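Colleague: Starting from the given sequences, assemble the full structure and let the hints guide the process.
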Amino acid sequence: MDDVRSMFDAAAENVPVPPGDVGAVVRRGATRRRKRIAAGLVSASVILAATGGAVAIFGGQDARPLPARVGDDRTPGSRLVPLVMRGPTPMPVLGSEQDRADARAVTVAFHAFLEGSRRQYLFDYEGFERQGNAWLVRFVQFAPPTPHEDQLRELEVELETAAERLRTQRFDMRRDAQRLVEELRDSLREEARELQSHLAALRRRMRQLEDRIRPYARRVAAVEADQKTLASRRPSWTVDLTVAESDGMIFVQDVTTDSPDAASLRRIVGHAERSSSVDAWGADYYDAVLRPQEPPNDGIGVEVRYFWTGPLYAPYEETCAQQVVGPDGKVVVTRPPRRFPPGGEHHYTTSPSDEDGRDGATISFGFDYDGDAADLSLRVVCEWRPRQ
Amino acid sequence: MTADRTKADFSEFYAGEFPQVYRAAFLVTYDRQAAFDVAQEAFARAFARWRRLSREQWAGGWVMTTALNLAKHRAPETPSVAPGGVATGPQGDRVDLVRALRLLPFRQRQALVLHYVGDLPPHAVASVMGVSEGTVKAHLAQGRAALRKKLEVSDG
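The listed protein sequences correspond, in order, to chains A and B.
For the first sequence, position 332 (counting from the first letter as 1) is numbered 332 according to the numbering used here, and the numbering increases by one without interruption.
For the second sequence, position 129 (counting from the first letter as 1) is numbered 1129 according to the numbering used here, and the numbering increases by one without interruption.
Hints are computed from structural coordinates only; laboratory data are not their basis.
Some hints here could point you the wrong way.
Some residues of chain A that are not near chain B, with every Cβ distance over 12 Å (derived) [what the hints assert, rightly or not]:
hint, residue
1, E164
2, P215
3, K228
4, T229
5, F367
Just a few of them, taken from the derived set where beta-carbon distance is under 10 Å, the chain A residues facing chain B [as the list claims (entries may be wrong)]:
hint, residue
6, P16
7, V25
8, E160
9, A221
These stretches of chain B come out as covered by chain A in the derived footprint (C-beta under 8 Å, 3 or more residues) [stated by the list, open to error]:
hint, stretch
10, 1019-1032
11, 1053-1063
12, 1142-1151
It should be emphasised that the depicted structure is a prediction, and the values quoted were computed from it without experimental measurement.
Backbone N, C-alpha and C define an ideal beta-carbon position, used for all residues, glycine too.
Modeller: Structure follows, in structure tokens:
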């Protein structure tokens, strides 16, 4: 509805206002006030009798006696004529010039009377005429209100103003309450809108985070899958055997391995120890060198040397495969297993003995690799089985 | 309060409130003389009660209500339209809302002015118009709709 109200405000502003007349309002209001105080109008013909410089007033249609003195001489130039109360029966007034002069004096006095005692004795002077020996002065007399009537009128005015005040207060309260409700409602709506906006922003942020996490989740899942796959593969392990000779027999004194199944391997070795015959033997150690190959070859060259502490003899043959492992743990190259002792299709050369004079064998091979040889390591995977 | 002081206070009050009261009376009666008479009478009645009214903050509202109550007896019942079918404003210019108001039935015009210019709530308008509050709300709704329609036509 604001548009209609604003139109009315604008229209009202466009209405030219004439100059007011507060003087006329005051005069009209003053008259109205006098009439409000009075009980009503009593049109009366008041007979004035001038006797010895005094004027008696008899008045009213109901011939009520009037009080003798009722005002003061506020009107400049006026003089009061003492009023003498007589009975209700009118008395003649002398009709001489002096009477007329007295009548004018009475008129003046009455005007003073009017101005000075408006509240109690209210007259509107209408004029005077001679009737026989009397001067008839006409007034519109406002009969003085009785005390009770005066109070009653005052109460009526108070009630009216109080009622108006109450109506205005009710109106103000209702308007204030309505305004408060509207403000609260607007505030709640605004708060709800802000919360919804914030919630939408949080949801967008969540989706962004989920998008960012998704690749990592995939990678995590892939890594977990790889781990499962790796775990399911046959493990390879390295084995170091410490072999000793005794009475021409080769005994394995110790074996170290990173195999998770070391216990079963040890059992095999242990069986060989306990047996009177040598059941197994193997290289007690090896070392390996990985280095770039010399031109014209590219890539990495591997040389693995195996050493035994005793002569080569065994009803078992050892088969070792070599794996070159990259920095990320993945196998870069695998060489097929080679059997020891010599014979068969394997290749080996009798390497120079080490400083202790132990025999050994050397396996050499090369492979292509773009990285640094220092990042590589060698893994040897060995198996033992009876010789065929 | 002396008589001179009374008059001075009332004169100040009169100067501040008279334009608004006159404008409201004019929007109801659409007669400059009638609006002036109505406004003057309302203020005269206020002066008769000034000893009490001068202490009240709602004295202006009292005068407005009195003036609009008097205006309903001075307003023409039938719409007044100048030759040519177009109502003109006081200065001869076309004032859309004033024109549109004049074309409304008196009851709707009275209700709209009492509510929007006199700032009276519907129940107070009902008291001034001597009808029920529901009737006032109906007049307001119909009056607003009619105003909007007439103003849309004038803009189009």
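Colleague: Would the hint on E160(A) stand, with a C-beta cut-off of 10 Å toward chain B?
Modeller: 8 Å, holds
Colleague: Per the coverage rule (Cβ-Cβ under 8 Å, at least three residues), is the stretch 1053-1063 of chain B covered by chain A?
Modeller: Holds: 5 residues of the stretch 1053-1063 of chain B have a Cβ under 8 Å from chain A.
Colleague: Could you check that no beta carbon of chain B comes within 12 Å of the beta carbon of F367(A)?
Modeller: 91 Å, holds
Colleague: Does the CB of V25(A) sit less than 10 Å away from some CB of chain B?
Modeller: 5 Å, holds
Colleague: Under 8 Å between beta-carbons, do enough residues of the stretch 1019-1032 of chain B, three at least, approach chain A for the coverage claim to hold?
Modeller: holds (count 8)
Colleague: Grab the minimum beta-carbon distance between E164(A) and chain B and tell me whether it stays above 12 Å.
Modeller: 6 Å, violated
Colleague: Please confirm whether P215(A) is truly not at the interface, meaning its C-beta sits more than 12 Å away from all C-beta atoms of chain B.
Modeller: Per Cβ check, P215(A) is outside 12 Å of chain B; nearest 60 Å; holds.
Colleague: Within the assertion that chain A covers the stretch 1142-1151 of chain B, do at least three residues meet a Cβ-to-Cβ distance smaller than 8 Å?
Modeller: It holds: at least three residues are needed, and the stretch 1142-1151 of chain B offers 4 whose Cβ sits within less than 8 Å of chain A.
Colleague: K228(A): least C-beta distance to chain B exceeds 12 Å?
Modeller: 76 Å, holds
Colleague: Would the hint on P16(A) be counted as holding, given a Cβ-Cβ threshold of 10 Å to chain B?
Modeller: This hint holds: P16(A) lies near chain B, its Cβ roughly 6 Å from the closest one there, short of 10 Å.
Colleague: Taking the closest Cβ pair, is A221(A) under 10 Å from chain B?
Modeller: 66 Å, violated
Colleague: Report holds if the minimum CB distance from T229(A) to chain B is greater than 12 Å, and violated otherwise.
Modeller: 78 Å, holds
Hints 1, 9 from the list above are not met by this structure, while the remaining hints are.
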